[in-house]
Amino acid sequence: MSWAIVADSSCNLRGYTPQAADTKYLFAPLKINVGGEEFIDNEHLDVAELNRRVAEEEAASSSACPSVGEWAELFRTADNVIAITISANLSGSYEAAVMARELVLEEGPRNIFIVNSRAAGGKLELLVYLLDRYLTANPDATFNQATAYITDVEQSSTVMFSLCSYENLTKSGRMPKMAGMLANKLSIRILGIASDEGTIKVLGPSRSQKKIFSKIISMMESQGYNGGPVFIDHAFNETSAQALASKISEKWPSAEILCLPCGGLCSYYAETDGLIIGYGWGVASPQA
Numbered sequence: 024m025s026w027a028i029v030a031d032s033s034c035n036l037r038g039y040t041p042q043a044a045d046t047k048y049l050f051a052p053l054k055i056n057v058g059g060e061e062f063i064d065n066e067h068l069d070v071a072e073l074n075r076r077v078a079e080e081e082a083a084s085s086s087a088c089p090s091v092g093e094w095a096e097l098f099r100t101a102d103n104v105i106a107i108t109i110s111a112n113l114s115g116s117y118e119a120a121v122m123a124r125e126l127v128l129e130e131g132p133r134n135i136f137i138v139n140s141r142a143a144g145g146k147l148e149l150l151v152y153l154l155d156r157y158l159t160a161n162p163d164a165t166f167n168q169a170t171a172y173i174t175d176v177e178q179s180s181t182v183m184f185s186l187c188s189y190e191n192l193t194k195s196g197r198m199p200k201m202a203g204m205l206a207n208k209l210s211i212r213i214l215g216i217a218s219d220e221g222t223i224k225v226l227g228p229s230r231s232q233k234k235i236f237s238k239i240i241s242m243m244e245s246q247g248y249n250g251g252p253v254f255i256d257h258a259f260n261e262t263s264a265q266a267l268a269s270k271i272s273e274k275w276p277s278a279e280i281l282c283l284p285c286g287g288l289c290s291y292y293a294e295t296d297g298l299i300i301g302y303g304w305g306v307a308s309p310q311a
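My numbering runs 23 ahead of the 1-based position in the sequence shown.
It is worth saying that the hints were derived from the structure and are not from the lab.
Quick list of simulated restraints, FRET-style, between CB atoms:
#1 M24 with A83: 44 to 52 angstroms
#2 S90 with S237: 40 to 48 angstroms
#3 G59 with Q168: 44 to 52 angstroms
Capping the alpha-carbon separation at 27 angstroms, the derived lysine-lysine pairs in BS3-like fashion look like this:
#4 K270 with K234
#5 K274 with K238
#6 K274 with K234
#7 K274 with K224
#8 K224 with K238
#9 K274 with K233
We put the CB at the ideal spot given by N, CA and C, even for glycine.
Using the sequences and the accompanying hints, generate a full structural model.
Next comes the structure, spelled out in structure tokens:
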């Protein structure tokens, strides 16, 4: 039986090759609309050019989720499909994937499971990576066993956001305009975390990277992280991503840390110098 692990492009894995036998990884690109021009969030996107155009555009830009047809095309590629989407409270991607599943299931027998990540960025990468690891270690796993596993992983993982620019958040109405302007003017970094509902919950501000890193480590520890994979996505800020990786490794030598550049959708919201950190605990934090 063939497997497909599918995500939308809020997952920043590009060119990922699964280790599990007869398994493929595919992603459905979101689109970002800037001043009437559409940018497709795939491996060919010039992310720097997208961000330049967004910065020049005074009006709010917008994003669009993959269509039902795009999801359906990916779902037809394997016998067993597990799809992972950006938070259903941030995008219509999950709803489109659910509709595509119903469409494809009407065509004939196939197993399709949709995971609402309740997050974006690093958490989706963690889910893809751990599902691939599970299928590699358990080649005879049934579809129900694999979906039970990924459900447990989704429930025991999260994502944090370290942001220092808020232009797009204020333009899109996701942050009060005056608060965003003040934070930008005072060079305040804000640390946020995915809420249980899949929205962004602000944990607090800080003016220094050192304090933000300390808060990140403290939050990871309080939630039960104890080694294993961590994904750090960065928006043109590899230096800070690597610095945070070093801090995490100092605290947890068994940490397996992967730093990735943000694709279009995540760079649009994280903005320049932003970081998105995905990690887990319990079943989602196996020792490396």
